[in-house]
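Assemble the whole structure, with the sequences as input and the hints as a guide.
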Amino acid sequence: MDTLLVILIDGIVYSSWLFIVAAGLTLVYGVMKILNMAHGSLYAIGAYSAASMVGWYFTNGYVPWASYLVFLAAAILAGAFAGLLIERGLLRVMYGRDEVVMILVTYGVLLILEDVIKLLWGVEAYFAYQPYSLVGRTKLLGITFANYDFVLIAAAVVIGAMLWAGLNRTIQGKLLRAVIHDRDISMAMGINVKRTFFVTFVLGSALGALAGGLTAPALSVVPGIGIEVGILAFAVVVIGGLGSVGGAAVGALMVGIARAIAVHTYPQVELFVIYGVMAMVLVVRPQGLFVSTVARKI
Amino acid sequence: MSSILETKGLTKSFGAITAAANINVTINEKEIVGVIGSNGAGKTTFINMVTGYLKPTGGSILFRGRDITGFSPRQVTRTGICRSFQVAQLFPELTTLENMLVAHAMLSKKRLGMQAPMKSQTNIDTAMAALSGYEIESYADAPVATLPQGIRKLLDIAMAMASGPDLLLLDEPTSGVAIEEKFGLMDTVMEAVKRSGAASLFVEHDMEIVSRYATRVIAFYDGHIIADGPTEEALNNPEVREYIVGSELHLQKPEDDQNAEN
Amino acid sequence: MSQDSQPRKNSRFHLTVFALIAMLTAVLSVGTPAPAQAEDGTFKLGLVTFLSGGAAGPFGVPARNAAELVIEAINKGTLPAPYNSIGIAGQAIEPIIIDEAGGGTKQVGEYRNLIQRKNVDAVIGYISSGDCMAIAPVVEELETLTVFFDCGTPRIFEDNKYKYLFRTGPTSTMDNVAAARYVLDINPDLKSVSGINQNYSFGKDSWADFKGSIQTLKPSVEFKTEQFPKIYAGQYGAEVSSLMLEKAEVIHSSFWGGDMEGLVLQGAARGLFDDFTGVFTCGETGMFRLADQIAEGTILGARGPFGVYAPKSPLNDWLRKNFMARYGTPPTYPAYKMAQALMGLKAAADKAAATAGKKPTQDEIIAAFTGLEFEGPGGTVKMALGNGHQAVQDMYYGQYSNKNGKPTMTNVKRYPADCVNPPDGVTSTEWIKNGLKQASCK
Amino acid sequence: MLKTDNTSRNLCIAFVLLLLVGLILPNWLAFLTTIALAKAMVVVGLVMLMRAGLVSFGQGLYYCLGGYTVGIAGQHLGITDAVGILFVSAFIAGCLAALLGLLLCRYREIFFAMLTLAFSMILYGVLVKTSELGSTDGFNVAKVTLLGWQPSPGQLSLVVYSLACLVAFLTAFFMHRYYQSGMGFAGEAVRENEIRVEYLGVSPQRVVFIKYVLAAMLAAVGGSITAMIAGHVDPEMAYWTTSGEFVFVALLGGTGHVVAAFIGAFLFEVIRTIAFDLAPYTWQMILGTTLLLVIFFLPKGLWSLLKAKKVGGNNV
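Residue numbers (our numbering), protein chains in the order written: chain A, 1 to 298; chain B, 1001 to 1262; chain C, 2001 to 2442; chain D, 3001 to 3316.
Calculated from the structure, these hints are not laboratory results. Remember, it's a predicted structure, so these values are computed and weren't measured experimentally. By construction, the Cβ of each residue, glycine as well, lies at the ideal position given by its N, Cα and C atoms.
Not the full set, but computed from the structure, chain A residues with beta-carbon under 10 Å of chain D:
id, residue
1, 90
2, 97
3, 98
4, 104
5, 108
6, 111
7, 112
8, 114
9, 116
10, 271
11, 272
12, 282
13, 288
Structure below.
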């Protein structure tokens, strides 16, 4: 029983992290139909920015509690800035290309960003562990959990809620949803789709970087941390249904809990879990869980 | 005359909406049938069911006495029923000739070759002959994406006819075509159909066209057939006058919004 | 074929051919060195190490840095004795650095480039065991002296015999056999062990060796959970929970680099290694960076007598001082291993030169290298296995302590090379399975 | 109307030239060319799928399968005949593709890409888990023989090079004809309009299925040749980055002509080698930039460059 609960907790913690990583990706896909392979690199940029900010902050001995604001802000700003550069400098001239070509475009961005990160931060590891232990730990079910992991769950809920409210309760969000639903009609209705794209990509990039920033305290920030994360986020988004934020949440939960079960019961299969779940979901529901097929009218 | 297509109690509903209810239609050999009815009356649903694009909720479809209910479009095509579309369904990046060649290659009884060139002189001659049957041979080398609507419609029909079907279903052959070109287009099509000896059924909003080409008219209203008979008679049916003709005679609106999909 | 074919028919083909030839010329001109240069005075040395990806930070770049430092010193003749002569057998080293990224096939191609296009005199490199496996047969085919400096799999010299290939770094067998001995030495009543290792060759082999050694040395030990997260997974929340639930006294991990540091951090935040003793066979690289995160008593290894375990010697002092001065961090074991490889090569070449009385041929260097015993920054290196082509070294383990605010290793134990390496001709797996026989420990 | 097509003749000339050049090529360049030819085989299959509007991000699955077939046949079964193994690996890949194809032929666009990726990552996982096959380290492949003749290590690369040339030539020759055939055009028809294809009495699923199986067999042959020349196989061959590289190469070359894949593959190898040479620290950036430049300036790949020149030449 305890093990079951531990599996649930572990699963939810991991899912929260996955969701935060995947949220930006699915948003960008939903609006722009771009499956951003460089999302992982934005995650890495966020992690690096946060880690260097934490390092600076604690060396100077400021109030520890305020560090959260500082490093998360650093991650978001860095992500937004990178997103801005990518959108303005590159994607803008590529709009209208085939979806698969856009994947390749972002793959090119990924290759470039990996080296840019290396040039900016070097290959030495960066650490930002102070905020991780700052919130303490809790004893639960006979084992210890880091409270920061619960913060992660809260962060996922907040981000999810904000995205939901943003999309459903604001004018801007409704315009976004209109674009998600039908880009051509939206354009015909006078929605400035280009601007929408710009805002979405910057927002998505900032979200990706925020995910990196939030994770940085638990990591050794080294080159290449983004690549695996990127492909993981892919899987989550495909499982949930491309472009659906709710889907990303459910996809994250499925993968997270499946992984926790594997780790606690049969660790050897951990490697397969994600792709296994992805293949199974796609076999049963080719469009992902939360996207319905539209029959073409003839 | 012997019947080739017969539908019995054909019904289609989408959830609570009934798009077609109890459709009983018989089409005889070499007949030219016009189908009329306002938008949403069930005309296209009827064609979609017969050609296998939609599965009927109830009823059966017999083609030359054989039950083809639930056949897939390609099975229906193989049995000898072909159709055209409201929005011409073509291969936009290929040329007109290539479209025709693909149609011939696919509809021929042989398997698709993996080594024999599709553009052999024989195949090209056949395809060019088919194109000239619809008076579009001069567009042979133009990519389809650059063709005017009328030519696309003709190519669409020419491709459907490539197998020499027994029955041709034309879904609004003149929609999206300029008024002054409509008769020319219909002349070309009907001549070709007559040459091939196939029966045909066409959905049309323009009553002038219906009365000029159809020998028989079926009128749909709200998923039902409200009249079925020789053209004169059907068009003068009071119900038809009230629900369709009266409102249709001055209605020339082509369904342009559909073109966005092409 | 027909003479009357129109020009346009051929132009496409001609252009293709033209483009191909143009590209070929481009490669050739970029790659081919000025001809006369290769002969006199310089020793062209290919260096292959990770410069991108996850292994660059912890391994590739420290090794590259060490190479830079040591090569400079060799060329100036400023290394401590016995390496205080200039160059390799008198020739200045001209290094050519290549990234090890891209996988085995890519590396085989790059290796061929180094030998055949750049005409290097020797190659030192390779961190990934997979790359080493792929390169090994090509070394014999191309007949150029090649030294593996880091990769750990014992399979290379156990499966085959080589003439041109040497490995100056010890195998990973030693890490885990010694770890097992150490764990039992400090806790003879050991009852249970868990493991968390990366799901790839190195991680799996490390765990198999450790588990096998424990089983041989103390069959009563119970094995609890065996975790195998994906390499570069980064998040180990569930694994840590599982390790906590299973409550094994000792947790073995061969994690390295970012993964190791991540596990240390995530374990520290939850007190995992306070309650259970961690054994990190590659833990030394994080010792100073994570000084306040590593739990007291955690067992750290350095994959040989490297880093903090390096015995005091002029060579060691020289490396630590100069590395620190130049790169701002103490040298970790990849740096030691690279320095060791360069010194081994120099030792062999100098010895061959002394015997020959002139610039030695490659065969003479190889003869001198085989079975060589030389001093490195980590102490004496014996080319004892694989017919004198595979090094063995002493192995050390100790427990981490930060009590007085200065990270140190306590309870350090030395295991002589013979004690933790199989005798020549016996494979590691057999040796471990058959009771670690013929091992002379002290 | 009917344009004279000299491709077949030109391919023959190119084949003979390549064989002759092989005698004088330095070993490293022969190796590079062989790898390029092997990868081009995979890319030819990928291009065939792309012409049908499908992008597989999982051709690494069959590439790896082909490589491991060579390895297992030589190391564990004692079968070393190069030609024989090529057939075996194509057959095995064909069987697996036929199985997966039943499912995949219903998928399109990004979902096809993602599902193929998932399958190839599952093979990767299986291989990583299989210690008997060396896990991530992989294992070395026994030297191949040719009809009972065991070439010396020095001859081997020339033998594999010539074999690669021959296989590449046959592939290019037949694939060029295939592109012009009814089945070849069926791919484009499926890409352009599946509904029309259905109504022409042909199953788009079947068309996709056949192409998927063919592409898989080509990829396996490519993987086999890679294993023969490199002498080593590892699970990296099935990793998504390998599959991504194939898509990269396909785009670089373009889908306009069968030869484009070969030019793309060769240039890719050359560019990567040069990038490794010139910028060991930032070669990824060079590759990324190249990719972006090609996509931006040559959306139809390098082939469009050659073609444009040709059209230009016409006017003279």
